[in-house]
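Got chain A sorted already, so can you dock chain B onto it with the hints?
Here the protein sequences line up with chains A and B, keeping their order. Sequential numbering of the first sequence, starting at 9, is according to our numbering. Sequential numbering of the second sequence, starting at 57, is according to our numbering.
In case anyone wonders, no lab produced these hints; they're calculated from the structure. Hints are supplied without guarantee of correctness; some may be wrong.
As the list claims (entries may be wrong) - If you want the footprint, here are the derived chain B segments under chain A, 3+ residues with CB under 8 angstroms:
(1) 69–83
(2) 134–141
(3) 164–177
(4) 411–423
(5) 442–449
(6) 477–486
All C-beta atoms, glycine included, are put in the ideal place defined by N, C-alpha and C.
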Amino acid sequence: MSSLLRTAAVARLPRDLHPVAWWVWAIGLAAYASFTTNPLLLLLLVGVVSVVVAACRGEQLWAKAFRLYAGLALFIVVTRVLFRVLLGAVPGHVILDLPEIPLPEWVLGIRLLGPLTREALLAGLYDGMRLGAIVLCVGAANALANPKRLLRSLPPALYEIGTAVVVAVTVLPQLAESVQRVRAAQRLRAGATGKVRRLRRFLVPVLEDALERSMALAAGMDTRGYGRTAGLPAATRRVTSTLMLVSLVGLCVGVYAILDGTTPGWLAATMLGLGAVAAAGGLTLAGRRVTRTVYRPDRWRWPEVVVALSGVVVAAAGWWIARDQVPIAFPAVSTAPQVTLVAMAGVLVGLAPALAAPAPASPLFEPVSETVSEAISKEAVA
Amino acid sequence: MIELRGITFTPPDSSEHVLKDVDLTIEEGELLLVSGPTGSGKSTLLGVLAGLVPRFTGGALEGDLLLDGTSIIRTPPRERAGIIGYVGQDPVAGFVTDTVEEELAYGMEQLGLPPATMRRRVEETLDLLGIAGLRHRSLRTLSGGQQQRVAIGSVLTTHPRVVVLDEPTSALDPTAAEDVLATITRLVHDLGTSVVLAEHRLERVVPFADRIALLVGDGSLTVGEPTDILTDSPVVPPLVELGRQLGWSPLPLTVREAKRRAKGVGYPVDRVSLDLTGTETPDKSMKCLSSSGLTVTRARTPVLHDVSIELPAGRVTALMGRNGAGKSTLLWTLQGTQKRLAGSVEVAGKDPAALDPEGRRALVGLLPQTAADLLYLETVAEECDAGGPRTREILDSLVPGIPDDQHPRDLSEGQRLALALALILSADPPVVLLDEPTRGLDYAAKHALAEILRGLTVAGKAVLVATHDVEFVAEVADDVIVLADGEVVSSGDVRSVTAESPAFAPQVSKVFGPGWLAVREVVEAVRER
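Next comes chain B alone, as it looks inside the complex:
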């Protein structure tokens, strides 16, 4: 139906091809997953389909894009609107109107559809996405998952033949992400719409994909069945990793498939009790930060209610919970910037809230959600100079080899994160808080971040990381705190918490039972037998 022929794209001021001689055919009614490491050109490929590349990015595009045999490569995005629906990475940034109903109608208004048709389609779409109750709501008051569904709905109303989605679940909590994915599969199965989806957190999407288009970073594209592509893809979900290491063929794509395969493998079922009887009892007496009875309100609504947490030195604690559960507020309260109504925070005998910004930096380091907010200079070297004498040294120990003269905005997501983290660590705080650091990171970058956090704990720091990424938590965390509605609903050792709440359980523990977290553990246990 839609055909890319020999697409080559060269970004401005560069001679390297992001896409090189790419051929791809999108079939009617299929779900095509575009995967690959960060910076391999996933967004560029989607942008070519929507017409945004090179119009909004600059650069040189060669090759042809055919719709049913007619070339549309020169057609501007607005003229493709009725055929190709595009939802960008941040749905909020693309909203034009301010209520749900008007947003759904906006695309149809531009196409000039008759009012009766518009009315009917808005109702149908509201039902299809299960958001009828939100119709009059202001878009800015919706939760992340709801916003994403409205954004998808707003392109569906024009009945496009292909829906193009750029990382639709990367900012969402596990449950909201499930909702959005369920919506997407409903589109493919019930309406027969083709969906092209870019994602680097593969674990949830792979089971639904009909084909995978893999970009490996050198500009070439490989397309094929999921099991074939994943055999030697550089980015794979934990289940596939497991299957590869245990030599399973075909590779398991869903938890169900893996569970059926795992029957043949002997393994101790209850890892939790195994661990408890083991010798590893952490020394929790070294508390870097202790807080009790934290209450924060906004216009008389409690955002945090009576939260007491302690961060022991040398351990990574993960903070989980829905979008809007109060995770960010808790981090800012512990850091001292957020005013609290009641409760106390103590780091090294002092209350960060009572200090000036400089004093706070020396006690608690906080990496905010948008790490780019911290950066304002033109080169990495200037940033390091402004950050303090040891910044460059710290940066090299985190991620070696970032060139001095590079602009911070040209760094990859992972490198930029490391730079921001180095700026914060230059004050040598005993407590480090991170707000959603895994957003936009691929598996390799997440693994590197996990190593960095491990390194911090070895240096005796207490680390608290707020995240939605259950696989990352399984890899890095020692303890988990789950927040809901501003209250702590469960906290404790990572194995026992993930055993209690299936929503926060990683794939491995879904297959092998509670307590099993990492692929490595399972592989070792199996090999021992």
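Chain A with its partners taken away, still in its complex shape:
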């Protein structure tokens, strides 16, 4: 028994959790948020997300993204409410009797300002909070999961796309650096001062530099074996294309069937299922073309299972409440919102990662000294 416990404890030694686990958890919480407009439940959800992020995030660069998303969420709530004030038109208890701005006859159904009611304000607030909470969940996933490692866990068939994204992410800061360097350099010589000419003076060296860099990178990747493929027989390739086509049709019809209420439910389920199976088959077959392996892949252990499961449970709870406890999930704006034990417990399950997830790996060595040119160019622009 004790040896079993010790083995379990090994999985909780400091390391980075599998990024997919974090995304499953975050999407589960986002799904819960999308199933309700109850402000109390949404606030509780925001609290849960914040606690988990605070407990589990590391010290890498992307971990700082959470604050950015929090700001965005707040912005969404405020905009939502402001729009309600501007385009009021909900009858109820008037809080502030604003004058209505007269609009011409042909603008039917739109009213600018006018008496502001408590109901309009609340409806805007609830709606904004729902969207804000979803955004916050995505932000949490971004802060917790290493984006580059996430791309590494893509199926092999999508490997090329993943590499392109990684390269783009790396090249962008280099481009900014090159812009700053050229700007400083161009000030060292006389030359055109006109607006258009000056732009050219500065764009030409930057673009030349960018082009040279990408050629060097392409050459570097090619000489190191990027793009090696195993030769596949023509028959397999044909099967792959057919599977991909079937999956596309299946998924499209399935999604249409779900959104269109008049289509029978069995059709939606069958088509979606068929589409998913075909897609999985196609990706696996296409992946055989790629012969590469992964160095030190992220392993899926029990903390990952707990984290991902907690997300699934939260989503299921949200779905159940939206179906069976409609007044709780979508409270009326005329009365105070209420909560039930099940609804609250459903959100609180989302706290599981704070207990189960291992501490993040010790932060990478931070830059001891940037290259001198970087420093100069930064200063030069300031």
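Same frame as chain A, but now just chain B:
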């Protein structure tokens, strides 16, 4: 093992052959040095081996490339990856991932090696290159020498039979270059990997080379033992130059060999004291630029700390120090673009930092590390017109005969440097600063640059040149300032400074003792006897 047969390469839009009917066999476990002046086709030859020429360059390639008798000339670079490892001129540009460990594993991932093998080889390579402590570091935070070693390591993990290196030490300070060369020799001696290395700064590499392949510029290739090839090669290190002039045979390739030969030659040992007793005491009262207490910080880390330097008119001062010691920052601070926390800079009674860009240009000219950043027009004539009325005149006095209609990017390294320098000199600044101008220049171009700098001092300008090249410093500098960690550790006359720090001593002074700098001096002294 690898055999080039009748390789002829013609670049696009040209009828001249860069390589013409080249035959070359690379043996198992040898270090082959590819040498020759700039533009003679060294990189092209390496590119043919790696498969990048003509795939990435365009142009027409004829002939055959054989690996153990099988032709691989049509094999794309990615399929050669496990056999031929290639490291380009700028290691940073070739990095695909962002940490050391992932970069080392990248090539193996592409080859589809099993995870256990990958893990083992990454550990072995980290130890082999002595970079185990850096395994989790971000590649962009490493120093130049470390980056170069990681780049070499990242091709070694796939256990290639040949490692092809294009100028691995050209951007490195003397000590970092020694480290990289030590790594390369370890590969050849311990692992038996064949290494093909292109380099035009020969002084450090020649002692390690088994054979030299010399490209002279007309497309032909001569291969042979170092001593044979160097007898009449157009590019030779100072030691060989010395041996040739004094008629030594066989030619000395290492400092040790030369020192043993030099025993027979009578020469005054202490050149430093000789010079001090001499009459040549420079007039240091004419100061073009004076600065004191310069301190520059970045995020509370000092990059420069309390640096005070003075640049006298009519003298060339060399600025030396490790990569990242703060040389570039010092130049930009003196020029005024880099903001300083404390200290003062004064040129002709004014502070460049307080002026607008145009005012700064008239006081201090700065040639940045990437001279191409200055150029943006399509022809040399347009550049000269944009640069000011006297630019063309200055350019002709620096390097005569650059055609008007040529594209600046098609110029040779030396010509491009001269064009950029002419643009800067058109404002006629009394102080000229140069940041690493010798990168990518061969001996002839470096010699021409030295002449240009001498010419500037005759015109009464003060010149400060940041460089890693000790031989260039010995040739051109009057004074030397050594920076370490943002502080001046030694400064003074070039003879006394190089006498104090062996790392910055040129080959001649290693052989004949402190104070001796140039081959010419030794030859003259010997002939006088």
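Now for the hints, and whether the structure bears them out:
1. 69–83: The restraint on the segment 69–83 of chain B is violated, since only 0 of its residues have a Cβ under 8 angstroms from chain A and three are required.
2. 134–141: holds (count 7)
3. 164–177: holds (count 10)
4. 411–423: holds (count 7)
5. 442–449: holds (count 3)
6. 477–486: Satisfied; 4 residues make the cut.
Of the numbered hints listed earlier, the single one contradicted by the structure is hint 1.
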